[in-house]
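Heads up: the sequence lines are chains E and H, in that order. One rule links them: number in this note's numbering = place in the first sequence (from 1) + 533. One rule links them: number in this note's numbering = place in the second sequence (from 1) + 8.
Everything labelled a hint here was simulated from the structure, so no lab data went into it. Model, not experiment: these values are computed from the prediction. C-beta: ideal position from N, C-alpha, C; glycine also. Some clues are possibly wrong.
Pair ranges (Cβ atoms, derived) [as the list claims (entries may be wrong)]:
hint : chain 1 : residue 1 : chain 2 : residue 2 : range
1    : H       : K203      : E       : I914      : 30 to 38 Å
2    : H       : G24       : E       : H934      : 16 to 24 Å
3    : H       : R236      : E       : R548      : 27 to 35 Å
4    : H       : L91       : E       : H934      : 22 to 30 Å
5    : E       : L543      : H       : R22       : 38 to 46 Å
6    : H       : D234      : E       : R544      : 41 to 49 Å
7    : E       : V823      : H       : H95       : 22 to 30 Å
8    : H       : G24       : E       : L833      : 25 to 33 Å
Sample of chain E residues facing chain H (criterion: CB under 7 Å; computed from the structure) [said to hold, decoys possible]:
hint : residue
9    : R646
10   : A848
11   : A851
12   : L852
13   : E853
Chain residues, written in single-letter form:
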Amino acid sequence: MIWNALLLALREIRRNLMRSFLTILGIVIGVSAVITMVTLGNGATRAVSDQISSLGSNLLIIRPGQHLGPGRDSAGSAAFKVADADALRNQINGLAAVVPVSSKSVTLVAMSRNWSAGVTGTSRDWFSAGKWQIVSGRVFNDAEERAGAAVCVIGETVRRELFGGLDPVGRKIRVKQFSCDVIGLLASKGQSTMGNDQDDLVAMPLRTVQRRLTGSVDVATMMVSVRDDASMDLAKDQITWLMRERRHIGPGDNDDFSVMDTRQIAETLSSTTKVMTGLLGAVAAVSLLVGGIGIMNIMLVSVTERTREIGIRLAIGALEREVLLQFLIEAVALASLGGVVGIILATVASISGSALMHVPYLFNPMINLLSFGFSAAIGVIFGYVPARRAARLDPIEALRHE
Amino acid sequence: MSEPLISLTEVTRRFGTGAAAFQALRGVDLSIDEGDFVAIMGPSGSGKSSLMNILGCLDTPSGGSYRFRGLAVEGLSRDQRALLRRHALGFVFQGFNLLARTSAQENVELPLLYRGESATQRRERARAALASVGLEGWGHHSPAELSGGQQQRVAIARALVTGPSLLLADEPTGNLDTERSREIMDLLTDLNRDKGITVVMVTHEADMAEYAHRVVRLVDGRIASDVRQAERQDGGGRA
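Build out the structure end to end from the sequences listed, making use of the hints.
Rendered as structure tokens:
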């Protein structure tokens, strides 16, 4: 009986090809939107966490304030000083490097070209902690760090904007009032998932930035890389304990700084993209619902239009449930067809979308199955009312219908 | 014959309630034997259609009893009546009532589909039914590509394909010209005589009623006359 009903339903869909296509369009768009949003969102989440974990699992980042990301309340918390970094380095065992970082955005001038970029003041350990490679020249040495020498290592984007195709090593960049020797060029890391260009930077010794650019002895953040043989948790606890002491935090008070490992940072960042994914998915799900209403609408029209046909079927002995099933299966077949077309469309859109956004394409069988099941369920829910109306028709009235 | 195929006792049919009530049938007693060919005649509003709907198990009487092969139809549920129609009845309508944009073959297969017969069986039986109404090889045509007479033949084939014991024809020639009407009536006569199918036909054309063995006249919801006429000679005696 179900097979026959399916046969009848498919015959009917084929007979009204154009209308069937327009009917399922809502479902197609809904399903493909849901799947595309979720797939791209998952790809973006994965890219963020990949990028953070590429920094290495033994990295800790210490910032003033408690929160990371938009709206962080670091304003009220005192900044770190170089002495804090020294204290960490000297008093805690098991740390490979402690890298203080302070940055400032400035305008750079070279070869009569302008470019605005962030200048990072740090120690030479920063390059290894951040997994930067040098393609040309060298990083700054101990003497330059201590003296606050006017030397810098630049990223690929800065080189391209200021020097075009030339080798920048040995040339000079004007940074605010002082002139700075370019001593090294970093290998390109490309765009990050958050959309910013990682190669758009200039690195200088911390002291140079403090003296000549920020005019203070503050350190914005500290990166700590823990030795492979040392415990991350122990290092974290020791750092927290030492920093609380140095910042005079009473036993009952909360930390006014945060120590995060890369996994935590990845989680914090990807939780943002996860929320976005959820929201976009929800909006897309609404369009799926609208698609269902479209199916109900067309099925109701179809029942009215085919009243006489229903009368004929009833007269020749179709049971109420057979007519019900026929129309229900027609609605479900339409909706499922929409689901299948939507999945195909979503796959195309997700693959090209993730290529465009530079995020990995992650095929998610769960969301595909779920969307398909949901579209079929929409067929049942929104097809039931029209189908029941068809099944309950009085055969005499229906046969008389023009 | 021991038991009549159809037996109506004091059948009434009332539509609406109160002041707006309309009494379509006011007590009809009618008995039709297996193999008979009955024409039901009467002016419009005489209750022909109501009687036909009750005979076809599409409607149930308001009062009285309808027995089909001894089975009390008024006690059956909607689905049970549908099953009775499916297995024992065939319908032919004035307006043909074929499914549009559906080939003649598929139209004829439709009742078999509901009987759950296999695709090959459906194809074979529908083809045979079409051949028996003289439409061999017309199976792939849709109703729009067929003349009125041909469409009515397809409808008759659809009614026949299940091998019903009763064929109900509601003004089967109402939409056809005289020539086509005669062809259809000859076909019904042949089916009645050769296959022993009981035929009950509503008509308001006296020359069509002449094909029947028995003419029942309805006036105001009652049987006014019930006349058995001499059997026609095959092919001859056309008016």
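_Hint numbers not upheld by this structure, sorted from lowest to highest_ = 1, 3, 7, 9
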